[in-house]
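Chains as they are written, first to last, in the numbering used here: chain A, 453 to 724; chain B, 453 to 724; chain C, 453 to 724; chain D, 453 to 724; chain E, 453 to 724.
Hints should not be assumed to be uniformly reliable.
Identical chains blur together in the list; that is why a pair holds if it fits in one copy or across any two.
[As the list claims (entries may be wrong)] Cut-off 25 Å, straight-line C-alpha distance, at most; resulting in silico cross-link-like pairs (SDA-like, lysine to any residue):
| # | residue 1 | residue 2 |
| --- | --- | --- |
| 1 | K658 | D588 |
| 2 | K605 | E541 |
| 3 | K605 | E477 |
| 4 | K605 | D543 |
| 5 | K605 | D590 |
| 6 | K658 | A460 |
| 7 | K658 | A554 |
| 8 | K605 | I454 |
| 9 | K605 | E497 |
| 10 | K605 | D720 |
| 11 | K605 | R662 |
Derived from the structure by calculation, the hints contain no laboratory data.
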Amino acid sequence: MIQHADDAITRDGKILILAYDHGLEHGPVDFEPNPETADPERVFELATHDAVTALAVQKGVAEAYYPYYETDVSLLLKLNGTSNLWMGEPDSAVNCSVEYAADLGADAIGFTLYGGSNHEIEMAEEFRDAQEDARDHDMGVVMWSYPRGQGLKNDTSSDTIAYAARQGLELGADVAKVKYPGSADAMAEAVRMAGPTKVVMSGGSKTDDRSFLETVESAIDAGAKGLAVGRNVFQRENPTQLLDALEGVIFEELSAAEALRQAGGDPDAAAE
Amino acid sequence: MIQHADDAITRDGKILILAYDHGLEHGPVDFEPNPETADPERVFELATHDAVTALAVQKGVAEAYYPYYETDVSLLLKLNGTSNLWMGEPDSAVNCSVEYAADLGADAIGFTLYGGSNHEIEMAEEFRDAQEDARDHDMGVVMWSYPRGQGLKNDTSSDTIAYAARQGLELGADVAKVKYPGSADAMAEAVRMAGPTKVVMSGGSKTDDRSFLETVESAIDAGAKGLAVGRNVFQRENPTQLLDALEGVIFEELSAAEALRQAGGDPDAAAE
Amino acid sequence: MIQHADDAITRDGKILILAYDHGLEHGPVDFEPNPETADPERVFELATHDAVTALAVQKGVAEAYYPYYETDVSLLLKLNGTSNLWMGEPDSAVNCSVEYAADLGADAIGFTLYGGSNHEIEMAEEFRDAQEDARDHDMGVVMWSYPRGQGLKNDTSSDTIAYAARQGLELGADVAKVKYPGSADAMAEAVRMAGPTKVVMSGGSKTDDRSFLETVESAIDAGAKGLAVGRNVFQRENPTQLLDALEGVIFEELSAAEALRQAGGDPDAAAE
Amino acid sequence: MIQHADDAITRDGKILILAYDHGLEHGPVDFEPNPETADPERVFELATHDAVTALAVQKGVAEAYYPYYETDVSLLLKLNGTSNLWMGEPDSAVNCSVEYAADLGADAIGFTLYGGSNHEIEMAEEFRDAQEDARDHDMGVVMWSYPRGQGLKNDTSSDTIAYAARQGLELGADVAKVKYPGSADAMAEAVRMAGPTKVVMSGGSKTDDRSFLETVESAIDAGAKGLAVGRNVFQRENPTQLLDALEGVIFEELSAAEALRQAGGDPDAAAE
Amino acid sequence: MIQHADDAITRDGKILILAYDHGLEHGPVDFEPNPETADPERVFELATHDAVTALAVQKGVAEAYYPYYETDVSLLLKLNGTSNLWMGEPDSAVNCSVEYAADLGADAIGFTLYGGSNHEIEMAEEFRDAQEDARDHDMGVVMWSYPRGQGLKNDTSSDTIAYAARQGLELGADVAKVKYPGSADAMAEAVRMAGPTKVVMSGGSKTDDRSFLETVESAIDAGAKGLAVGRNVFQRENPTQLLDALEGVIFEELSAAEALRQAGGDPDAAAE
């Protein structure tokens, strides 16, 4: 954690990462609810929204589209990732070098660590190289800290998420992306463990507007600095409205209901 | 995917790769239908056909023959590949460095990724190095994206091929070579998933002229940018005629029947 | 073992390492007895105590806090370490390069070796690189010499700890941190085996003031040069008082009772 | 395959490699029939025979003796090799770097590939590095192409040897050393598959003069460019006579009988 | 084997290596018969004896003591070695780089190869790097050639030791240290197989003066160039007397009895 290393992907110390590596991690199935989201251009356009402080993509997508968006979008290059065609103990290929990410104009790097996996040690050592190289290039470092693998039964328990957040601090991440541990108290504990490393919650699979925003509100109240969101934005019919609402919750610290109202949504609507 | 990185192996944005690495991948058995095709010179001669935009060979064959063809043939150096004497979980040796390929005059590199294999992660990391080195040498990057291995029952299902095409985009290939997924709709889906990465269908084992060309026509109609073909050309008695017909289907967007007629073939002949 | 290589982390040849890598090795559970100790700043403040000759932390904690303490604290950067989410044969990821540690201002490096583990050979080779790089940067080398793994039933037997101390000497550590082998005689044997490599005992889990200090006194009497302590300091209600007492035992060679009395503690109190 | 890369180890395009790495591969047992052949000097003397175009030895033997023979003998440094004390899936240690071989004055490198072994991929990648480094030093490349390992029942079948020869071409060897596939037709097929890569037959275990020479004659007639021979020369009582006869068969294309007669042997003698 | 590469560790072509890496390989138990031998200084003092041509120690011991002995002792830095806390298939960690050994003033390097182990190939490749680096620094190369592991029942049979000695020659060692194969004839065979590589016998566990010296005499008569000895010297009450006697047997080629008499020992004493 180096002070200000993540300035390029934060706004007033808050973060909203639009994550779009699902084509690699999950495959085309994640684009089915909203087929045109298979087109990266749609998501780059969304990333120009003021609420979005960084767009997380893999190397190939950055190569093809970022040249057209480099003035309007901050690039968080996700260095590792793997298809789910492969079904072994959790692991992730390093698909992009830090130097290449820097050449592409990345502002920060993203890196997954599967704590508890049989590949944890190898992944931690790959993270070391990436983190130190990122420091050389003055790029921020975001860890997707996802305990997973042999012996881990419930990977969103309060203890596990707190540990995951702490790994972010101990290993030198500026930002730790963790799953929501189920309650504001548990999120507060994770935030406390991460110390100066900023904690952002991971959006997860799509839920309805109101309950999603309330979870985000609860995380922000608990001290999280923001959100990394993918499906909950791009699988929506009106993703801009949700980004408007997220801007309210994260940067203006509005309640979920108020933010949704200001964004033109219906806070009382039932789940989609 | 870098715009124009693959110019040297395309013609009007279309691609016809003549692939000739069967001697390594399958062994001499693939030359039996047409024994003289064991002689690389025969295939280099075919590669001078206007329809062929690149010839894909392994390092040793390029070393021995390409010096005589470098003005007439675009070289796509296939970097990895393995004999089928070895029968483990799908994997492939990297037989040529990018720097050496550049010294040989290669215009592009070819690289196999077996998504779903226990070696997927290692192969993806080898691909990373090859891709980045190829960028340094301004060479195009073609991925043989072939899901295969533990847990993959049907490797030509629509979902699998669409995922394979998407891996090409996400990991930074200019061209993704995939198997034909059985229908034009499925191919269109793969093309859509690949975005700006050009999809070419893999020729597969030899079939009769008409049905082969109709499959190619269907792939082109679905948005594929071309074909990578080996046995369906060099195992034929009259490979030039088929190349003439392929030129019609791929570059002039003729129907299979019309292209075959113009090439002097008999569109109504039964399978050989 | 290079004479004076460890000067920056010793005082009159004695050592008191405050170890604070528990957030990585054990997770948040170690902060529960004294929740505010999750905040590294609390521990950096403790490390400014005159008795503390070095503070051992992982890279991320050093990055975030050491810039504010570099004049008052000697930094012992612990290079390797792993979460206990992972439950395989003992091993440890190298989370920080020596060069990066030097850039952070580290005075010495710390490195765990699990003698007897199936990963002993790999860890010893990683230690080799770290030790030689540390010599290049004039940094001291501290080995956490912890036999552990397949076939090792009792890892604090006299023979095992003596062997562990000897490994420190043979492999080139300036300081070997070993567990207390149960008796002063056994500790003396370990000290004898380590020759010029300084032996420090590892504090272990928290016990009451008096018995903890008596163990330290016994180790010092046996020739140990000091102590590496974590939980027995930071899990205490009054850690400063214990550091005062440790200063007496280690640097002034007072008895445990006398040192505790001078520090204002009650030598006759029952265990907490 | 680079034209003329192997000039230093051929004579009029033909090759006779005297192989002497048995001390490593098989151990002292191979010297028992003729105990003084344990002394490398005896074999270096034989290698000065005009018929011998290269002597294949491991690094240590080259270091000790080649300085005295560098004007009279062409050195083919065998880079990899392993004792048969080890009994796992076929593999081979790389005992000498190409740079070191060049420093020793080697004219060419030798490298074993066990196609079909579980280590084929690793060996092929080691071969890649060796081959490319050899090109940098203008040294010829000889592949010992020996399919062996899991799943390979008969490693001298016609198909297997043809495949082995083809691997030599595809991977960039100037010369492929293969076992005799049992008939002239099968050898001709292997030669055809290797294209411009020169095929030499491997001498194998010792047989009588006449039948050995007839096998060589058959191989030469089938298009092989020569022979790599060890035990069939150095285990003989009169190795010079056999080298004289081999010169006739390989370079003058005499029949086995005629060559043996000219060399002073008895073409009608029964097997030893 | 490079002529004169080992001059710094020989005297008139003969060798007496005092080996002292037992603290790493066997642990403190080897110092029990003579507890003060745990102190490396005692053994460095012994190494100043005229009979000793080199002292073999691990990196850490060399770092701590060699600066005080560099004018009186030739340093043979043992590069690899492992504790016996680890109980897997024989293997050895490389604990010191050649460059670092050179910086420490080493005259030669020592390296163990466990022929027949599942790690033989990896060890041979590590030996390659060490041997070539040692050549760059004009240091001699001593191989501890110890067949051991899966499938090796009797590792001191004549055939095994002869093979071990030959591996020394083939792989480029100046000196091969082998176990005594039980008879002078078997030792002579090992010497013959090693050619110009000097064979030294390994001292093994402690026996009485007379029978130990007779074994050494027998080895020298058989052509061995000397001895590597540890426990048979430092576990003795009067190690200097034994070194005096060894000087007689090895350098003056006296009989064991005569050498022992001249050294002031009692050739007729029963075993200790």
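Which earlier hints turn out false for this structure, listed by number in ascending order?
-> 1, 5, 6, 7, 8, 9, 10 and 11
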